[in-house]
Amino acid sequence: MTTTAQPSRGQILLDRGASLPLILPATLLVLVFLVGPFYYMAYTAMTDLSFANPDQNGAFIGFDNFRKLVREDTIFWGSFWRTIRFVAIAVSIEFVIGFALAWLIWRYVERQRLLTTLLLVPMMLAPVAVGLIWRLLLQGDFGMATHYLRAVGLLSQSSAVFSTPSLVMPTIIAIDVWQWTPFVTLIILAGLMSMPRSPFEAATMDGAGPWRQFFDIMLPLLRPIIALVLLLRGIDAFKEFDKVFIMTGGGPGTVSELLSIYAYRVNFKTWNLGYGAAVSFMVYLVVLILCSVFYKAVYWKSADQRAQA
Amino acid sequence: MSKSWKILAFGILACVLVIALTPYVWILLTSFKGRLDILSPQPTWFFTPTFANYPAVFIDKEYLPLVFNSLIIACGSTALSIMIGAPAAYVFARTDFAGKEDLFFFFLTTRMAPPISIAVPLFLFFTTLGLTDTIYAVVIAHTTFNLSLVVWMMRGFFAEIPKEIDEAAMMDGRSKLGAFVRVIVPLAAPGLAATAVLCFIMSWNEFLYAFILVAFEGRPLTVGIPGLITPHGTLWGQVAAVAVVATLPIIVFTFLVQKHLVRGLTFGAVKG
Amino acid sequence: MYGNGSRLRMLIATSLLATSAALVLVGEAGAWSLEEAAAPYKGTTIRTIGEALPPLEAMKKLAPEFEKRTGITVEIEMYEASETASKVMLDLNSKRGRYDFILQQHRNVGKFVTNGHVEPIEQFMTSAELRDPEFKPEEQLYQGLWKEISWYDGKAYGFPFTALTMYEWYRADLLSDPKEQEGFKAKYGYDLGPAQDWKQYRDIAEWFTRPDQGLYGTAIQGKRHEALWYEWLNFLYSFGGDMLEVKTGSECGPVIVNSPQAIAATEYYKSLMAFSPPDTLNYFWDDVMALMQQGKVAELIMWNDATYAVAVDENVSTVVGKMGFDIVPQGEGGKVAQVEGWSYLIPTAAKNKEAAYLFIQWMMEYDQQLEQHLNGGATPRPDVYASAEVQKLPYAKASMASNEVAKPKPTIPQSSEMTDILVREISSYLADEKTAKEALDESAKEISAVLGSCAPMKYPVQ
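Protein chains in written order, with the working numbering: chain F, 1 to 309; chain D, 1 to 272; chain R, 1 to 462.
Hints in this document: simulated from the structure, not taken from any laboratory.
Bear in mind the structure is a predicted one, so any value in this text is a computation, not a measurement.
Heads up, the beta-carbon is just placed ideally off N, CA and C, and yes, glycines get one too.
You may find that some hints are simply not true.
[Unchecked claim] Computed footprint of chain D on chain F; a stretch qualifies when at least three of its residues, placed anywhere within it, have a C-beta under 8 angstroms from a C-beta of chain D:
#1 135-143
#2 259-271
[Unchecked claim] Below are the DSSO-like pairs computed for lysine-lysine, each with C-alpha atoms no more than 27 angstroms apart in a straight line:
#3 K437(R) with K269(F)
#4 K61(R) with K61(D)
#5 K269(F) with K270(R)
#6 K100(D) with K296(F)
#7 K68(F) with K434(R)
#8 K458(R) with K68(F)
#9 K199(R) with K434(R)
Working from the sequences, and respecting the hints, build out all of it.
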């Protein structure tokens, strides 16, 4: 586990006394309202609980659910890798475009207020509404976007986006990019605006070109913010549900069945809560491992550097 | 040279703006269309507007109170997240204690569990407490998942404020809490405002917890939207009207605090 | 299957007689009256939950009249269909009793009954204080629909709120166009008319598929959505197939979902995609209805309760007066219709069961049923169908014919899991991920595994 430089024992006691009332409410709230249900979920994962089948009344069955999940459930693994691909591709694209936009705004735009507000509109829409809006736009017979995609030749007259299995995931990724790139832009822009001028001025005097400045100064300075954005977006993308569920329901076939959709079916369609909890637990575990690796590797390394500076 | 770069940059931004806004504009137009215009095979940009969708959904279907429910839930949970999260973030920024970074990371882990999996346990838990169907349940739930955002964003922001300021305040005889409330919070106001906007958006748009935990009378707008997908046809005009009404407050709110929003999100992390 | 025309007329006659007899009785002392029966519950509020749709909105408009007469307030919560199911499941399983009665799809009845979540309705019907002597469900309802929608394992748990079926919709104006008739006959060698069997159905679909004119032969609801399963059932049943080899919905039995008939039905079903618009894998009832309203489709299989918005309502439809309706084409399985319904049920944890029963009973009366039916509902009462106002609706005959040949479908606790499996597998087949046989074999395997020893596979898969 992470430990930073150990302060002296006396200082710990002194600070802990004073800090406790400040940090306690948050910790307690999280403990009671998230960790409680979380342990309930972990326990349920080891039972056969079902709200549907009266024979499955919540008897303890150990790790049977996990065994079945890992060894036999091909649908689960299909959606698992699909989700990993979705998160990796969507977040990378969002990051690259988001960064580029933030840089353009930072570099060239003086009066940003209206522009940034308007750019943020996609992210202000509720995911439920986003799903419905895009379903309407991409509907094959009266969708406005379909009409123009066909008019410019990007889509043939005899096909439609959500009925062409090979187009479904790319479209979902594109819509996610549309919705969440503004979030990346917003946070990176904030980082850019707070960068100090002095290192750049010094570098310019040393004759460093724009690319050198970008890689040697800007990126290291922005590192914690980049890490935070990637972490938040990654976690949220992993949970993606509303949009995809409304637009495709996971289909055609299982082409767009992400983990959250799979978990929804098990929990809310078949009401196999024991098995559903096992699915959720696995999802949680994977995200946790990925995030802590990323966190240790990127975020806190830079924070340590900062602390030493 | 630099002039033409600037033109190019504005060109790109203009294109992006068009892509970002067109769907929204389309929804705005759709909210003033009748069903036959909405479903016409040719996109209709010009049409005889109807104002029937708004009263149909907000008056006849009684969706108007849902706007207030959304407001209460989002404001309540935002205020609570800030009130509880900011002090914790302050401690993370200022105090060293064993396991601090682990506890800090722990706050983020609360965001990782898919809501789909927490929802049923949370429902049963709140039912035991007798809180389901009350607005408290969903306010608490939203507060819990927004806490990670507050703690993570505000930590950097508090770190940016020089330590000497709280030391001076405590020298004046204020307690740590007193120093925090009277001196640090006002200094951190832009950061708080920015964080609050993000919390507000998350809570305002959240669907699943709100759907499961809140009673019919207290349901927010997001929960009302799927009710317009009926077996007799999705009421697109009404969906659009709700989507428009649901976004307007946030757009206005964001525009008003935009200066703080960007400046506030600096986390102090980038100071070289 | 469930009676015929003459029996129906008799039913109407008896119910009319009963009504007039009861009218005479009202004046006499001691007769049952709603006001009296409701007196002990005056001032209570009962709460229900159902899918947001016009018949429920009609109920909301009717409820104040009940309130005026009884002093019992009715609160109605309306959500989207699957949301309604989730809300109800959570309420029932946490036993908090928020709802005094619920409106649920009949496929869930097994889940509720076997877990002890709903009350048998008999206890209320045998109570002299509660039972309106004029209310005779065993005479006044389509018995087949009532048994299918609200019974489980030989016991009644409620009454149908809506009794839905699907049937063939076609563009009567196109089918009766002399030019079309001439061309069609020249090509296919027989007269153009509403399809009676599946060959005709496909020929008509093929004939009218003219993408350049924006017209398609049919429209398949191919989205990964329950709609797909419902639509597919019509083909399955009509081709002589089924999911389980059982007599009633509450039985468990051998899995026959991968029978040769089922495979043939599924392959035929997919073959229609060629005559359906390009976005067919993205359609559920919503899109298909919109297409019909826009006059872009010649024939399809659709729900009776959606008919109103296409055939009658000029505000939303361009084909008012141009539509014709008939029972689903016949195959090896003969005349069949798949029936779906929402049922009134009273939870065991409910706090005001008696008041809830009184309201349900009142809603089942002729007047209320008529009002709901005319507002896009689907009543289980034949006498409502027989009324002049309903007979004026262009789809009344097709509706009644379908109601009479309604076929039961599984309502056992695992039924929604079965649906979920089938939706996924058929969707995979439509998306060319596997063949019909592979998809149905996989479904049979999974369904058999879910149901356990009572459901061996009749057509084993290695």
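Proximity test - 8 angstroms, beta-carbon atoms, the region 135-143 of chain F to chain D, at least three hits: Since three or more residues must qualify, the claim that chain D covers the region 135-143 of chain F holds, with 4 doing so at under 8 angstroms.
27 angstroms Cα cutoff - pair K68(F), K434(R): Satisfied, since the Cα-Cα distance of roughly 24 angstroms is no more than 27 angstroms.
Satisfaction of hint between K269(F) and K437(R), Cα-Cα up to 27 angstroms: Status holds; Cα separation ~25 angstroms.
Agreement of K458(R) and K68(F) with the hint, judged by alpha carbon distance not exceeding 27 angstroms: holds, 25 angstroms
Agreement of K100(D) and K296(F) with the hint, judged by alpha carbon distance not exceeding 27 angstroms: holds, 14 angstroms
Agreement of K269(F) and K270(R) with the hint, judged by alpha carbon distance not exceeding 27 angstroms: holds, 26 angstroms
Residues of the region 259-271 of chain F with Cβ under 8 angstroms from chain D, three needed, outcome: Three-residue rule met by the region 259-271 of chain F, so holds; n is 6.
Agreement of K61(R) and K61(D) with the hint, judged by alpha carbon distance not exceeding 27 angstroms: Measuring from Cα to Cα gives roughly 12 angstroms; hence the hint holds.
Satisfaction of hint between K434(R) and K199(R), Cα-Cα up to 27 angstroms: holds, 25 angstroms
This entry satisfies every hint, going by the numbered hints stated previously.
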